[in-house]
Amino acid sequence: MIEVEKLEKTFRVARHHRGFLGAFRNLVETDYDVVRAVDGVSFQIAAGEFVGFIGPNGAGKSTTIKMLTGVLEPSGGRARVGGLEPRRERIAHTAQIGVVFGQRTQLWWDLPVIESYTLLRHVYRVTEHAFAAQLARLEAMLELRPLLDVPVRKLSLGQRMRCELGAALLHQPKLLFLDEPTIGLDVLAKEAIREFLATENRERGTTILLTTHDLSDIERLCPRMILIDHGRVVYDGSVEAIRREYGSERRLVVDFEGAAPADLPDAIELEERTATRLVLRFRRDRIGAAALIAQLAERAPIADLSLEEPPIERIVAELYRRGRA
Amino acid sequence: MGSVRPYLQFARLAFQRRAAYRLANWTGVAVNVFFLIVHAQVLLAFFRARPGALGWTPHEAVLYFTASESLLMVVGIFPDYRYNLSERIRTGDVVTDLARPVTLFYRDVAERYGTAFYYLIARLPPVYVVGMLLFGVAPPLRWELCLFPVSLVLAVGVSAGLWYVTCSSAYFRDTANGELTALVFVNTLLGGMVVPLDFYPDWLRLIADVLPFRATLYTPVALLSGKLTDSALAFGLLHQAVWAGALTAVSLAIESRGLRRLATQGG
Amino acid sequence: MVADAISLWLRLAGAQIRSQMQYRASFTIQSAVSFSVMISDLAPVWILSRFFGQLDGWSFAELALLYGMVESSWSSVEMALRGFENFSTYLLQGDLDRILLRPRAVILQVATRDFDARKISRLAQGMLVLAIACISLRLGPHALAWVALGIAGGMLSFAGIVMAGAAIQFWTLGQAQELQNILTYGGAAAMTYPVSIYATWFRRVLTYAVPLAFVNYFPALAALGRTEAAGWPAYVPWLSPFVCALVLVFGLLAFTRGLRRYESTGS
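Chains S, W and C, in that order, are what the protein sequence lines are.
Note that this note's numbering gives residue 818 to position 225 of the first sequence, counting from 1, and the numbers run on in steps of one.
Note that this note's numbering gives residue 69 to position 35 of the second sequence, counting from 1, and the numbers run on in steps of one.
Note that this note's numbering gives residue 639 to position 123 of the third sequence, counting from 1, and the numbers run on in steps of one.
Since the hints were derived computationally from the structure, they do not count as laboratory data.
Please read these numbers as outputs of a predicted model, since none were measured by experiment.
Don't be surprised by glycine CBs; every beta carbon is placed ideally from N, CA and C.
A few of these clues could be false.
[Said to hold, decoys possible] Each computed EDC-like pair below joins lysine to aspartate or glutamate, with the alpha-carbon atoms no more than 20 Å apart: (1) C:Lys-635 <-> W:Glu-213; (2) C:Lys-635 <-> S:Glu-793; (3) S:Lys-747 <-> W:Asp-114; (4) S:Lys-747 <-> W:Glu-213; (5) S:Lys-767 <-> S:Asp-807.
[As the list claims (entries may be wrong)] Far from chain C, some chain S residues (derived; all Cβ distances over 12 Å): (6) Ala-782; (7) Leu-845; (8) Arg-877.
[Stated by the list, open to error] One side only, chain S facing chain C, incomplete, derived with CB under 8 Å: (9) Thr-662; (10) Gly-663; (11) Val-664; (12) Glu-666; (13) Arg-681; (14) Arg-683; (15) Ile-684; (16) Ala-688; (17) Val-692; (18) Arg-697; (19) Gln-699; (20) Leu-704; (21) Glu-708; (22) Tyr-717; (23) Thr-720; (24) His-722.
All chains should be modelled from the sequences, with the hints used to inform the complete structure.
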């Protein structure tokens, strides 16, 4: 569905001189800095995939997305979406994608939602029949009925986000780009959006590319994630695999029936100890979870335990840090 | 009124807010210069039919309009549609303003003076100089010019009062944008922005002399152009002072009434 | 494709009108505001005409004719193509990216993006002044045809000018809204008066560089039968439709060029 090969984007950014003399220099001459925002990015996404796109701010993430959606022209390399070149074949390309920006709306601010939908229907040239069917479906899944007659400016953020999703899918695109769709939403709203996206991907086979800073979105929804930093792909693989590769440390919380044992197995780090509870950290490659639990059970009867994976935030933060070092 | 310090701060902040937009100032100068060129030529063309009318030479008419166009932004004829009191009332932001231990009206006035000072140094000189270069006009050096600063200060005060009263209609209606626009145009007409009041038909002149609008434009502009002397000058200054006082009283009254209304209606 | 574009525009216009009709109070206030705008635009001209008798041979009724024509042209473009007028805002807020993500030509989307139904009152008043002027000048059908031609040409010209003004924003990163305003509002204001009153250089600008003279001046001359008396060959007013169409083409080209530049360099 998406093929990206050695994609590059360089910007010429005018250098701004400061102060009074600087202002004069700005007027007379312009110095340029060359910024390589995207420096050789390659990946492939098959139809029906659900991919998470993450990276620190200013790392080239949004620039890559802009090139994929056709807003920017690449300086080098190539990108093909659905077999089309996004910018050169802009009209055909945009007809088959849907885009949701978390922070900016595609709906007309003063008009009721349904008016925006109708206008978009004509923009995308959707037949009346297809429109009615799709609208009914989206209405049901996103609970849009009470919102349709409300002007967009009067909607809460969560309500607006649901309407944005509806708007992006009215023309039944094969590919959906989402840029921070859950930002600023409360827990219930986030859940609703995630539910919807998962269903859309699973039942309709819509390819989804989700850009986000919220890593729990990725954990919940994306089997695969791509991490971009310094304009390059730093990681491209499953969330499971990233955990295995970089997140080798796990955490075990054990509640004992009686007192917690005094002596502990080797190869572990004690984080906390109370009268009946032990909190330990251990490395997966040094000792397996089952073995560790067995060793602890030998020492004292266990009432309850829980095994925690490292939060993906920590893994990713570590990756960001390594990249910046 | 308590200490003056917070109000000086507001004035300074208003000044800095404007000073940050250097490019906007120069494009604004371009706009002023454009209208200066157009209307000065219009005045000159009219005078060709009847030069020396009412003791005004064409030269003086152009001088008048140059002064008018230079002083427009200083006096504050045009509102900032995005950042003004009526917007703050409409969105409810005014509640945070009212929570501070300052009188909102005086704060508004202080900000007006801060803005006026900015335009005094950033807008008046370039526009006036262009007028001088293009049309060969120069402010006549008369003793009355010493009173110009007084008149200007009063003019800004009256203008601030007019804006405050107009914006306050947002307490009682959804938005005041219509009223603000109307105020701009009534002000330019009855303030003699393009045509000195001297040329107005008698009945209109009478209306203009009674209403506050000439205090914002005609009085300081005519003074700066040396066309306001003796008893007319005295009347002009008195007119300004009286209206400044009256508008202050009205504004303060509206403020307490509006506060009460907000408190009952909620934010 | 043009029919398609018009149908999309009509839909948007309909939706906006329906939505704005809900605010009936605001509508009447808008009309009152437009009325005061019209008064303050025409009042200086009326005052000066009354005092000086005429402007370069043009009576007040004839000046009102010029005003009515240019106001009708510009108000209709202002209302219909507001997307171009607001273009600097779209650039600054990144709305252009959104436009690029839709499977329609950018120009079509910008043209149909905003429709300000409230401006209808301004257009209505422009036409009212025009009607009164035509009646009081007792214009025959031949003259009225010229007036209609002038207005139609004016719409083409202002459409082209507002597009060119929007194109400028591509190079100035949306910071030059004022420059665009000079071309549109300033141009309309300048054309309220006969181009003959301006100094040679300014007259040349308005005739050859930004040919606004073809919007109302030359058609009005033809309507009043004064083309040759004003020193122009009789065929000049006939050039109006072509010149105005050229301005539109220029605007379209300028905008397309700017868009291409944006797409390669980004924001």
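Against the structure, the hints come out as follows:
1. C:Lys-635 <-> W:Glu-213: Between Lys-635 of chain C and Glu-213 of chain W the Cα gap is close to 16 Å, so the pair holds against 20 Å.
2. C:Lys-635 <-> S:Glu-793: Violated, at roughly 43 Å.
3. S:Lys-747 <-> W:Asp-114: violated (25 Å)
4. S:Lys-747 <-> W:Glu-213: violated (24 Å)
5. S:Lys-767 <-> S:Asp-807: Violated - the C-alpha atoms of Asp-807 of chain S and Lys-767 of chain S are around 24 Å apart, more than 20 Å.
6. Ala-782: At about 22 Å from chain C, Ala-782 of chain S clears the 12 Å cut-off, so the statement holds.
7. Leu-845: Correct as stated: the minimum Cβ-Cβ distance to chain C is 48 Å, above 12 Å.
8. Arg-877: Its Cβ never comes within 12 Å of chain C, the nearest being 44 Å, so this holds.
9. Thr-662: At 6 Å from the nearest chain C Cβ, Thr-662 of chain S passes the 8 Å test, so the hint holds.
10. Gly-663: holds (6 Å)
11. Val-664: Hint on Val-664 of chain S: holds, closest Cβ of chain C at ~5 Å, below 8 Å.
12. Glu-666: This hint holds: Glu-666 of chain S lies near chain C, its Cβ roughly 5 Å from the closest one there, short of 8 Å.
13. Arg-681: violated (10 Å)
14. Arg-683: holds (7 Å)
15. Ile-684: Result: holds, 5 Å to nearest chain C Cβ.
16. Ala-688: With Cβ-Cβ at 4 Å, under 8 Å, it holds.
17. Val-692: holds (5 Å)
18. Arg-697: holds (6 Å)
19. Gln-699: Holds - the Cβ of Gln-699 of chain S comes within 8 Å of chain C, reaching about 5 Å at its closest.
20. Leu-704: holds (5 Å)
21. Glu-708: Constraint on Glu-708 of chain S satisfied, holds at 5 Å.
22. Tyr-717: Status holds, d = 6 Å.
23. Thr-720: Interface hint status for Thr-720 of chain S: violated (15 Å vs cutoff 8 Å).
24. His-722: Violated - the Cβ of His-722 of chain S stays beyond 8 Å from chain C, reaching only about 19 Å at its closest.
In the structure shown, a violation is registered for the earlier hints numbered 2, 3, 4, 5, 13, 23 and 24, in ascending order.
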